[in-house]
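Colleague: Residue-level listing of the chains:
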Amino acid sequence: MKFKERRVRHILYILPAILFLSLFFLYPIFDMLRRSVFDPEFTIEHYVRVFREPVYLHVMWITFKIAAIVTLATIVLGYPLAYFIHKSSRKIRVGLLLFILLPFWTSLLVRTYSWMIILQRQGVINCILQKFHIINEPLPMMFNLFGVLVGMIYMLLPYMVLPIYSIMEHINPLLLKSAEGLGARKRQVFWKIFFPLSTPGLFAGVILVFLLSLGFFITPALIGGRKEQMISMIIEKQVNELLNWSFASALSIILLLLTIGAGIGLYLIFRRSFRREEIFGLAQ
Amino acid sequence: MNGSKKFANVSIVLFLTFMFIFLSFCERKEKPEEREIVIVSYGGAYQEAQRKAYFEPFEKITGIEVREETHAGDLAKIKAMVESGNVVWDVIDVEAYMVIRGAAHNLYEKIDYSQIPKDEIIPEGIHPYGVANCFWSTVICYNTDHYPEGIPHPSNWKDFWDVEKFPGPRALRKDPVANLEFALLADGVPKDKLYPLDVDRAFKSLDRIKDHITVWWEAGEQPAQLLSIGEVIMTSAWNGRVYNAKKEGKPVEVEWNEGILSTDWWVIPRGSKNKDIAMKFIAFSSQSSQQAEYPKYIPYGPVNLKAISLIDNILLPDLPTSPDNKEKQIIINNEWWVEHQAEILERWNAWMLK
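Residue numbers (our numbering), protein chains in the order written: chain W, 1 to 284; chain X, 285 to 638.
Same shape as in the complex, but just chain X:
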C-alpha cells in the first residue's frame, strides 16, 4: 500500500471514529408541546404497584407522559447528578434515611406544601424536602413447613434469639439498621423505651445470636428465597417480598409482632427541569383516593390517614398500617440513625469480623 492510500485509509477511519463519538453526544430534541416527567423507583413489583395506582392515573388526568426508570437506592447517583448539574430525574422514590442525608447534602428541592393535603398525612411523613408515600415493615418471617398451624412459631424477638426453644438456621440482614432494635427487644427493652438506642447493650445482645446466624442477607429477595427453599427457618424480612412469595404458594408467613415500620418518600432532585410537574405528581399521589388504590397492588400501607378507611377490609391483615398490625410495631427513628449510622457501621463491620 503506497503512502497516499495509507493516508486516505487512516483519515477515513479517524473521521468515522470522531463521527461516532460526536453522534453519541447529540441528544434527542424534545418537542416543546409534549411535556413529560421522569419518575424513578425501585423497580419490580414495587414499581408496578406505583404504576397502576399513581403513574397511569396521573397520565390520564393531566395528559403528561410519565417516563419511568429504576434505581437501587444509590444516593451517590443522585449526588453526582445534582453536583454535575445534569439532572435528568424529576421525582425519585427514596428510603427515609436518604431524605435526611440527601437534604443535609443539599440534594433536593423544597416541597411546596400548599399543594399537598398536609393534615391528612401522618406527621412523621412530612419533611421540608420530601413527602412520605408508603409504610413498609421489617418483620419476623418463618417457614411454614417447619412451623405449620398449631405448632408455636417465633412470635417475638426473644423467641428469635432463643436457640433452645426454637432451634435451626436463621438469617438477619447484614446491616445494623433495625438489627440493633431487634437485639434490644430480644434483651427485654420495652417497645416505647427503645430510642435513643443503648448501643453497647444491643451489641452484647447480638453477641448471643451471632454464631447462630447462618446467613447475613443483603438483597431484598434473599430472605423470602432462603425461607422458600428451607435454607433458613426464620429471618427478618421486608413484608412485601414475603407476601409475594406467599401468594406464589411458597411456605412462608409474616409475624407482625415487634416489627419495625419504615417509610419510603418522594423527593425532587435539585435542578430538575420539571419541578412544577413533579410537585403536581407528588400532590396527586398523596391524595387519599390514590393512596387507597396503592395497597390493592402491593401490601404496603398508605401514609394518608383518610385513605385507611377507604381500603377494602380483605386487604387489611396484610398491611403494615392496618390498626391491628400497626399497634404491634415500632416506627423507626430515622433522625437517630442518620446521626449515628457512620460510627455504628464501623463498629458493626469490626464486630462482624470477630
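The shape of chain W in the complex, shown without the other chains:
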C-alpha cells in the first residue's frame, strides 16, 4: 500500500475519537473561554481580578507546590516498587499488582475516609502509639499538610508505578546481558543502561501524577487544614455557590494554561529519553 493511502487510513481510525473529543472536550473549553471574556459584553475584568487579588495566585502556587511534592514522593516510592515488581517471580508479581490495583478501583471518597480513620487524633495510629507509651499526646496527622500529602501520595502511587513497570517490562534484556558481558558492573548496568531506558515510563508517570494532583479536590477538602487550599476548591465555590461562572472560567483557563505550560516543560526535560528509545529500540 502506498504511503499516502496508509496515512489516510490512519486518520480514519482516529476520526471517531477526534469527533468525540471535539464535541465533548474542545467545544466546552472554547465555551469556557468565551464565558471568561464575555459577561455578557467583552471584558477582561475577571482575568485582571485573578492577578489583582493576591489570594488566587497564592492558591495556585500552593496547588503547584503540593502537586510537585506529591510527584517527587511518588517517584521516590514508586520507582523502586516498580523495579521490585519487575524483578519478582510471576506469582509475587501478580500478588503485588493486585495489591496496587484493588484500592485503585475503590472510590476515592471511601479511601479518603479510610485515611481519616487511620490518621485522626483517636485514630488507629495514635491509639497504638499511645497504648505502647511511645507518645503521650496524639500526633496531629490530619487537617494539615502531612495528612493531605499522605492521602494524595497513596491515591496517586498506582499512576506512577504502572507506567514505569510496563516500560521496564519492555526493556530488551539482551542489552543488559551484553553490557555485563563487556565487563560492566551491576551498578553500571543499572545506571547507564536500564535506568535511562526506563525514563519514558517515568515521564508518563510524572505527567499523570502531576496533572492529576493539580485538580485534586476531595482529599485536600476533607483531610487538609486551612492552609491547604487548592485552586479546584476555589473554582468549585465560584461555580456552585456564587454562580460567578465567568470568573470561574477565567480561573479555569489560567489553570489550563499553567498546566499546558507544565506539560511542555516536562516534555522538554524528558525529550532526550525518547530519542534514546529510537536508537536502542525496545524488546518485541
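Heads up, some of the hints might be wrong.
Said to hold, decoys possible - In the DSSO-like style, the derived pairs of lysine-lysine whose C-alpha atoms are separated by at most 27 Å in a straight line are:
| no. | chain 1 | residue 1 | chain 2 | residue 2 |
| --- | --- | --- | --- | --- |
| 1 | X | K612 | X | K442 |
| 2 | X | K442 | X | K336 |
| 3 | W | K237 | X | K612 |
| 4 | X | K534 | W | K131 |
| 5 | X | K402 | X | K442 |
| 6 | X | K336 | W | K237 |
| 7 | W | K227 | X | K442 |
| 8 | X | K336 | W | K227 |
| 9 | W | K65 | X | K638 |
| 10 | X | K638 | X | K442 |
Treat the hints as calculated values from the structure; they're not laboratory data. Quantities reported herein were computed from a predicted structural model and do not represent experimental measurements.
With chain W's structure known, arrange chain X on it following the hints.
Modeller: Structure of chain X alone, referenced to chain W:
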C-alpha cells in the same frame, strides 16, 4: 480475514454503537393520565422527614405521584437546567441565599400567593420567588464527656473564644457565613446590633481564635462526627445533625444561646413542566397542619406561626423556634450576605492562608 468480511464486521460494530447511542437518547414516554412531580431536597434524614410530613400526605390527598431526587445545594445545577431549557425538577428545597441569588439570575417561577396562607407564615419567610419551609440553627455544640452535667460548658461565643477558661481543640465551619456573626458576638457586639456586619472588627476577632481551631469543617455531618469521637470538644454545628447523634447515644449536646437561625425554602425552577402541581404542593405543605407534622420527624422549626401551638410540648426543647429557644438566637440577614458574600469570601480565603 478477507476484505468483505472485514467490512461486514466493521459495519456491524458501527451499527451497534450507533444503536446504543440512539437508544440512550430515547426518553420514557409518560402516560398522559398519570401526572407526577419531581421534588428535590437534601436527602438523608432531612428528606425522610419531608417525605413523611409532606410528600406522602400530598400523594394520598391528590393522587399525584411524587418522585424524589436529591441535590447537595448546587445552585449551578439549577442554573444549567434552566438555561438549557431542559428543566426536569419541579420543586426544590434550597437554602435562603440560593433563593435570593437564584432570583437575581432569574432561575425561578413567581409564587402564586393567592394559594398560600400568607398571613400565617412569618414575614421573613415570604419572597416573590420562594416560600420558606423550615427553620434550622447553627449553634454551639459540645462534647458531654468533656463537659458533663454540673461542669460549666461554653454557653456563648465569648466562652468559645476563651481558650484559657475553656481549653481544648475546637472547630468552626470553613465558610465566613455565620462565623463573622459569631466573631462579633465574641467581641461583645449586642445581638440586635449585628447587622450591617462590621467586617474589619469581625476579622480582627477571628484572628484571636484562628490558630486554636483544629478543624475547619465543610460537610454537614463533620461537626457531630468530630464531637462524637472527641477530635474536638466544641464546635459550631447544624442542630439537626447533632440531635441525630444525640439520639444515637453519642456524647453531644446543643447550646441554643447565641445561635443563628436560618431558613430553607421551596422554589420552582423556571420552565418546570408541572408548575401548577408544584404550586399546589407548596401551598399544601405550608398549611399549619402539615407544618406541625414536620417536627415530629426532625428537630427543625415550622415557619407557620399557627403550627407552633399545634406541636407536642415534648418536642419543643429541641426545636429552634420554640419560644424559649427562639429568643436566645439571631435570625440571619440573608440579603446582607448575598450582597457581600463574593468579596467577603475572597477576603476570607486570603485570611485563611496567612
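Colleague: Take the hints in turn and mark each one as holding or not.
Modeller: Status of each hint after checking the structure:
Taken as a hint, the K612 (chain X) and K442 (chain X) pair is honoured in the structure, with Cα atoms around 15 Å apart against an allowance of 27 Å. The straight-line distance between the Cα atoms of K442 (chain X) and K336 (chain X) is roughly 39 Å, outside the 27 Å bound, and the hint therefore fails. Distance restraint check for K237 (chain W) and K612 (chain X): the Cα-Cα separation of roughly 32 Å exceeds the 27 Å cut-off, and the hinted pair is therefore not satisfied. Pair hint K534 (chain X) plus K131 (chain W) holds up; C-alpha atoms about 24 Å apart against a cutoff of 27 Å.
Restraint check for K402 (chain X) and K442 (chain X): the C-alpha separation of about 38 Å exceeds 27 Å, so the hint is violated. Between K336 (chain X) and K237 (chain W) the CA atoms are separated by roughly 33 Å; this puts the pair beyond 27 Å, and the hint is violated. Between K227 (chain W) and K442 (chain X) the alpha-carbon distance is near 25 Å, which keeps this suggested pair within the 27 Å criterion. For the given pair, K336 (chain X) sits about 43 Å from K227 (chain W) by alpha-carbon distance, which is inconsistent with the 27 Å threshold.
Restraint check for K65 (chain W) and K638 (chain X): satisfied, since their Cα atoms lie roughly 16 Å apart, inside the 27 Å limit. Distance check on the hinted pair: K638 (chain X) and K442 (chain X) sit about 23 Å apart at the alpha-carbon level, within 27 Å; holds.
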